[in-house]
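Novice: Protein chains in written order, with the working numbering: chain A, 14 to 440; chain B, 20 to 319.
There's no promise every hint is true.
[As the list claims (entries may be wrong)] The following label-pair restraints were derived from C-beta to C-beta distances:
#, chain 1, residue 1, chain 2, residue 2, range
1, A, I233, B, T170, 13 to 23 Å
2, B, T230, A, T431, 31 to 41 Å
3, B, V229, A, R162, 46 to 56 Å
4, B, P109, A, A136, 49 to 59 Å
5, B, T170, A, G411, 52 to 62 Å
6, A, L143, B, P160, 26 to 36 Å
7, A, V427, B, D284, 34 to 44 Å
8, B, H112, A, R330, 26 to 36 Å
9, B, T170, A, W253, 19 to 29 Å
10, A, P414, B, T170, 45 to 55 Å
Simulated from the structure, these hints should not be mistaken for lab results.
In this text, a Cβ means the ideal position worked out from N, Cα and C, and glycines have one as well.
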Amino acid sequence: MSTDVEQPSEADEAAAIAAPEVIANTLGEYVKIWWTRVRSGESGALPVILGLVVIVVYFQARSSLFLSAGNLVNLIEQAAWIVTLGMAEVFVLLLGEIDLSIGYTSVIGSVFTCWLLVPPDPAPWPLAVLVGLAFPAVFGLIEGVIITRLRLPSFVVTLAGQLAGLGLLLAIINIAAPGSGGTIRLYSSVLNDIENGAMSPLAGWIVMAAAVALGGALMITRDNRRRAGGLAAPPASVTWLKVAAMAVAGVVVVLIGNTNRGVGLVVVSGVPWVILVVLVVLVAWSFLLGRTRFGRYVYAIGGNAEAARRAGINLSRIRVLAFVLAGLTAGVMGIIYASQLGSVSSNVPGGQNVLFAVAAAVIGGTSLFGGRGTMLGAVLGGLIVAVIYNGLQLLGLGASPQYIWTAVVLLAAVTIDTVARRSRTSA
Amino acid sequence: MTTPSADDARPATAGRAAAPESGPSDSPPARGQNGDQPLLRLVGVGKNFGPVRALTDINLDVTLGQVTALVGDNGAGKSTLIKTIAGIWPQDHGEILWEGRPVRLHSPKDAAGLGIATVYQDLALADNLDIVQNMFLGREPVKHWALDETTMEKEAKRTLADLSVVTVRSVRQPVGSLSGGQRQAVAVARAVLRQARLVVLDEPTAALGVTQTRVVLDLIRRLKSQNIAVIVISHNLNDVMAVADRVAVLRLGQLVSVGPLSQYDAQSIVELMTTGTSGRRAAAGSEPSSQQPAGSSSEH
Ligand SMILES: Nc1ncnc2c1ncn2[C@@H]1O[C@H](COP(=O)(O)OP(=O)(O)OP(=O)(O)O)[C@@H](O)[C@H]1O
Ligand SMILES: [Mg+2]
Chain A
14 MSTDVEQPSE ADEAAAIAAP EVIANTLGEY VKIWWTRVRS GESGALPVIL GLVVIVVYFQ
74 ARSSLFLSAG NLVNLIEQAA WIVTLGMAEV FVLLLGEIDL SIGYTSVIGS VFTCWLLVPP
134 DPAPWPLAVL VGLAFPAVFG LIEGVIITRL RLPSFVVTLA GQLAGLGLLL AIINIAAPGS
194 GGTIRLYSSV LNDIENGAMS PLAGWIVMAA AVALGGALMI TRDNRRRAGG LAAPPASVTW
254 LKVAAMAVAG VVVVLIGNTN RGVGLVVVSG VPWVILVVLV VLVAWSFLLG RTRFGRYVYA
314 IGGNAEAARR AGINLSRIRV LAFVLAGLTA GVMGIIYASQ LGSVSSNVPG GQNVLFAVAA
374 AVIGGTSLFG GRGTMLGAVL GGLIVAVIYN GLQLLGLGAS PQYIWTAVVL LAAVTIDTVA
434 RRSRTSA
Chain B
20 MTTPSADDAR PATAGRAAAP ESGPSDSPPA RGQNGDQPLL RLVGVGKNFG PVRALTDINL
80 DVTLGQVTAL VGDNGAGKST LIKTIAGIWP QDHGEILWEG RPVRLHSPKD AAGLGIATVY
140 QDLALADNLD IVQNMFLGRE PVKHWALDET TMEKEAKRTL ADLSVVTVRS VRQPVGSLSG
200 GQRQAVAVAR AVLRQARLVV LDEPTAALGV TQTRVVLDLI RRLKSQNIAV IVISHNLNDV
260 MAVADRVAVL RLGQLVSVGP LSQYDAQSIV ELMTTGTSGR RAAAGSEPSS QQPAGSSSEH
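With the rest of the complex left out, here is chain A:
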């Protein structure tokens, strides 16, 4: 650590303390505050995005196929489950807890979904999905109650949940699909299309435009409300830049999706449905964490549980709810997983999947000690993990470098984050 840290100016000091959205009034101020925060490790998503860009550039340099439409769509389909499981894990990590069981409970849920859809008389697919989501949610509920009532560490309780989950998976698949060797097929074309189907090109554009318009409208209303209340709000230029960035990102995604990725004469194009599923989960959970009491209390408990208790917050209820939501989100992951493979097998590496999910959340800036992290971070972190997997596969390299590089990135992410914070507090 350098001892000759320059004395921060007053503006820098203000910058280190709050997001530019709520203290900057002009573009210049905004940029300055933002940059100071980046330097002091408070930059939010930026380092993760930079890391992602570096890795993408590397793989593109090694293989020109990497940024092809076909591979990018492939990448998105591979990333979807890990991103979703990462978001599930954020709920509990924010509390300083962990859930090791959702790697298995998620797929048990989707076994139930598949089971209900087996011909000759399948249940309606929404009902099957509901059951698939309910199982891991209820499992999370039970774990949460045990953890809060008996005051046991979540690590141990959910480790037990993981083992029990593996046992249940083996048993239930054998009952649901006897004599199949431990695999149950997903018969619903709707659910198979989540990963393997795509919106029509026009639908892709409409969804993208709607999403950007909604996001922009929300941002602008928020700014206007703050300004009307006499509070600092980012200058219109910043907001419009953000909307423009969102629009560009949306256009790029739709353009990639709508490019023909078929082989030979078969035309395959359109944005995969799974993007929409992930986006809906991301927006819903970001709102829940950022804009509701529940979310506020999750952060408060993660930051200082005693303070939260003294503020009259019912800690047990919030904790249990977080485990339920982690389970519910894992249920979504289970459906995506089944959709990707077209079936669920008892060989699912649920214990390993859940650790990848934790890695995704941590790479995305979530603290294992609680109180810090976002859903968006988990999505970006999950993308990094998926890019490493996809890129190395493209280069014809096997599982070994994939694990090692994921490990390196995980360590690097945590180190950069910790060092940036330490230098800030000691400055």
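Since chain A is already given, all that's left is putting chain B with the ligands on it; use the hints.
Specialist: Same frame as chain A, but now just chain B with the ligands:
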């Protein structure tokens, strides 16, 4: 829960508003509709931590519009007493009466429901949340399904301005980045925001410089002039002399003396704190008449 709900507290809150400008010094404290009843009365309250008897047989009355100073040496049980009042840990013996009715304070929520706000010695703030989020923690206004951040930020700013807390740069900075004094100010502001009827402050000036100490003392006087009951713990007898109407001396978990400030001077308080008796003022566990005018505060 057997505690009175928030509804029970409301009429009395109205009573507070109905007693404007009640001079803090010239009259016996204005009382609620309940006549002579103290707002809070502890009867024979005791608390043990295993074999440690942290509190024994505490009898204490707290009245609206009065500042009660709770003094005592380290480990005397001051923090334990106010944590009992705040519902952090319930008493093992005795009874707590709120406006004459026995209440059970089993959780901070019970206390908050009655209108008891506490500023703890070990400040109960979440470092990762910003000032606004901390000030409203547990009682955030919600509008259109979402937290009403604008209202919260405006009210937080106004409250801090009312308290002349000018040193914080932004109400959106995380509390972890504040100095000790600033944190204290935020904690006090948080209590004020709660529309409390009884504000309990555990060593509110311990970490503060001269200016901010004066700000907090002024703030205590302002609470009092709004006919709020205040309990303040302090090791600084100057502070006690400056704001208290009544003094309660704890020693080894026992209340060795209670009375109007006029009956004490710094030396007698020190003697009571250290030995339990004072030549100037007889040590008495009994409550002196609470009718006695709190004459001292007019001296400032
Ligand atoms: N959580 C606890 N567990 C066990 N003993 C405790 C606990 N809290 C306080 N005590 C004991 O109760 C007694 C009173 O402690 P308390 O914190 O109330 O003192 P205090 O008057 O606030 O002291 P100080 O002026 O140092 O803040 C002490 O003997 C202390 O060791
Ligand atoms: Mg104390």
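Novice: All the hints need checking, so say for each whether the structure fits it.
Specialist: Against the structure, the hints come out as follows:
{"no.": "1", "hint": "A:I233 - B:T170: 13 to 23 Å", "in the structure": "holds, 19 Å"}
{"no.": "2", "hint": "B:T230 - A:T431: 31 to 41 Å", "in the structure": "holds, 37 Å"}
{"no.": "3", "hint": "B:V229 - A:R162: 46 to 56 Å", "in the structure": "holds, 49 Å"}
{"no.": "4", "hint": "B:P109 - A:A136: 49 to 59 Å", "in the structure": "holds, 51 Å"}
{"no.": "5", "hint": "B:T170 - A:G411: 52 to 62 Å", "in the structure": "holds, 57 Å"}
{"no.": "6", "hint": "A:L143 - B:P160: 26 to 36 Å", "in the structure": "holds, 34 Å"}
{"no.": "7", "hint": "A:V427 - B:D284: 34 to 44 Å", "in the structure": "violated, 59 Å"}
{"no.": "8", "hint": "B:H112 - A:R330: 26 to 36 Å", "in the structure": "holds, 31 Å"}
{"no.": "9", "hint": "B:T170 - A:W253: 19 to 29 Å", "in the structure": "holds, 26 Å"}
{"no.": "10", "hint": "A:P414 - B:T170: 45 to 55 Å", "in the structure": "holds, 53 Å"}
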